[in-house]
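Engineer: Residues per chain, in single letters:
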Amino acid sequence: MAENIYKPHLAKVVEIKAETGDIKSYKFELQDPEVRKTFTWKAGQFLILDIFGIGETIFTFANPQTRSEFVECTIRKVGRVTEAIHELEIGATVGLRGPYGNWFPFDKWQGKNLLYIAGGVGLAALRSSIEFALDTFKDFKKKTILYGARSPLDICYKDRFSDWEKVPDTEIILTADKGADGWKHKVGFVPAVLKEVHPSPADSVAIICGPPIMIKFVLKELLDLGFTPEQIVTTLEMRMKCGLGKCGRCNVKHLYICKDGPVFTYSQLKDLPDEY
Amino acid sequence: MAYLIIKDDIKNLLDELIKVKAVFAPKKDAEDTVLFGKLASGAEWYGDSLLTHTTAKDKVYLQSETFFKIKKDKNGVFLEDPAEPAETVIFGCRPCDARGFDIIGKLFNWSGFVDEYYTKRIQKTTIITISCEKPESTCFCTSFLNGSPVNSTGSDLLLTPLKEGSCLAEAITAKGEAIITGYSRYFKEAGAAEEKAKIEFKTEAEKKITKKLDLPGIKQKLDTSFDSSYWDTAHLPCVKCGACTFVCPTCYCFDITEKAFDNINSERVRSWDTCMSELFTRMAGGVNPRIDTKKRFRQRFMHKFNYHVDNFKEELCTGCGRCIKACPVSIDIRSVIENV
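Listed in order, the protein sequences are those of chains A and B. Numbering of the first sequence is given in this note's numbering, commencing with residue 1 and proceeding in unit increments. Numbering of the second sequence is given in this note's numbering, commencing with residue 1 and proceeding in unit increments.
These are calculated hints, taken from the structure and not from any lab test. If you're wondering where the values come from, they're calculated on a predicted model, not measured in any experiment. Be aware that a few hints might be false.
Unchecked claim - Derived DSSO-like pairs (lysine-lysine); straight-line CA-CA distance at most 30 Å:
{"#": "1", "chain 1": "B", "residue 1": "LYS211", "chain 2": "A", "residue 2": "LYS253"}
{"#": "2", "chain 1": "A", "residue 1": "LYS37", "chain 2": "B", "residue 2": "LYS71"}
{"#": "3", "chain 1": "B", "residue 1": "LYS106", "chain 2": "A", "residue 2": "LYS42"}
{"#": "4", "chain 1": "B", "residue 1": "LYS221", "chain 2": "A", "residue 2": "LYS253"}
{"#": "5", "chain 1": "A", "residue 1": "LYS7", "chain 2": "A", "residue 2": "LYS253"}
{"#": "6", "chain 1": "B", "residue 1": "LYS175", "chain 2": "B", "residue 2": "LYS106"}
{"#": "7", "chain 1": "B", "residue 1": "LYS294", "chain 2": "A", "residue 2": "LYS220"}
{"#": "8", "chain 1": "B", "residue 1": "LYS295", "chain 2": "A", "residue 2": "LYS220"}
Start from the sequences and build out the full structure, keeping to the hints where you can.
Structural biologist: Structure (structure tokens):
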């Protein structure tokens, strides 16, 4: 019989980095050298992380397949399992299974402008896609990253921005809902900054991830700017257990977010009931 | 090729099977409730009730299944697989229950992702089904394509009681064939008269099922009724107990949790879950896309008669009617979907 779909690969925590007060980034190294060679994924897919003795939960791969020496996740402390993750120390053994779900359709985006719009820890779900686009930058035109957080202290991946900006035709626009002393970037909500920046929809794709309220207003702005539903892509999350469309809880209509998503275009979503 | 088995020999056959396999059959418990229980002798089989209180689903798809045991100590983490499932016979289930295994079996193999716990168990299980002579008012199996009191989908061996104190025995799969050849002293070849008697049995039994749903029509209605005000009131009597989902032969939704015994030992466990529970879709942080009872109620019927049909071209229901009997507030699944 084929591999047991519920059984994780063992991995060790090799690096922990505090991003903000409640967000940490982790690097995991798969223990079995054979698995390390064959374990691959595509930007946008997710994995199930297993904290033995506590339970499992779902995270997106934070790093793309072009930087796949380790498996990386960026995790906000929000519930029982993520609290246990935040307690992990270097050398701890965890389990990983996956990859699950679909991925960002880069093959359809060749030669286009990419506009990433993220809020809060939502940037973690887009990081794999952003870094994949930067690693293969010749395939795309301008890469714009509009990122907002509650406050300057809540900005995730601060130390990655200077490397990202070094890639030709890449621009990062940062905003905080509330500014602070020394904050040299924009102040205001992401949708308002988007309106001010006024990106052209010509030959562009907008990729968004953030809290539902941000997504709602960003969608409105993008449509006002002339983006068509086909040009808007987002990634959804719902409670999941299996990752393979079997446990029955992450459906929106007949689609399972874990299996048919998590990446959807707005043209797909607008025909689905608002139950996610 | 069809065979005959005398009703008195069925108990003898069960006595033989018990020696080599775990045999589960309808059996009265201490409170006279008829449930699938493990037989110690063929005489324990209680064949007089149409439907057991709950299905035989839990004999293959365990209500609580240990995926693996975890030992975490200073030497690392070790995962231990559970024991291989035993050879099992489910005897005396009804065609609706047997068809339930066929339906959830497809889900457990969906998109090439094989659930090995379900698959290993069903491979080691022989399902011996008995056709329904006296369907009840809650039965509606004939609403489904191929659904009938004599349907063989999901069964390995189908027994149909005939008037002369014997049953027509039809092997549906190799596992069913193996029962007939392995215990051939209890089976003799049936003739044309008995095969004809089965057709009469079918006609008579089907006549007793008066409720027939227009399922393609209902599917079409459900396609456009997600936002219908119907759901605002339809869910009101529901107390969200989830009994309907636990007695259902096709409800398959599950949870995966960790059962920790101490700081070293734990188990990864899969258990039946219910879409009627608020926790079912509640995420860490508190967001819940189906927080209203209306949404959970709608999900149950949409899943069974709309979404599942989109994905599998068949309903997630066999018409056994157990949910109608189990519901503490008398919600009838048939009227819920007909009245949309």
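Engineer: Work down the list of hints and note, for each, if the structure agrees.
Structural biologist: Okay, the hints, checked on the actual structure:
1. Taken as a hint, the LYS211/B and LYS253/A pair is honoured in the structure, with Cα atoms around 28 Å apart against an allowance of 30 Å.
2. With a C-alpha separation of about 26 Å, the suggested pair LYS37/A and LYS71/B falls inside the 30 Å cut-off, and the hint holds.
3. For the hint pairing LYS106/B with LYS42/A, the CA-to-CA distance comes to about 28 Å; that is within 30 Å, so the pair holds.
4. With a C-alpha separation of about 14 Å, the suggested pair LYS221/B and LYS253/A falls inside the 30 Å cut-off, and the hint holds.
5. The suggested pairing of LYS7/A with LYS253/A holds, with an alpha-carbon distance near 28 Å, which does not exceed 30 Å.
6. Proposed proximity of LYS175/B and LYS106/B is supported: the alpha carbons are some 19 Å apart, at most 30 Å.
7. Only pairs whose Cα atoms come within 30 Å are accepted, and LYS294/B paired with LYS220/A is accepted, the gap being roughly 28 Å.
8. The straight-line distance between the Cα atoms of LYS295/B and LYS220/A is roughly 26 Å, inside the 30 Å bound, and the hint therefore holds.
Of the numbered hints stated above, none is contradicted by the structure.
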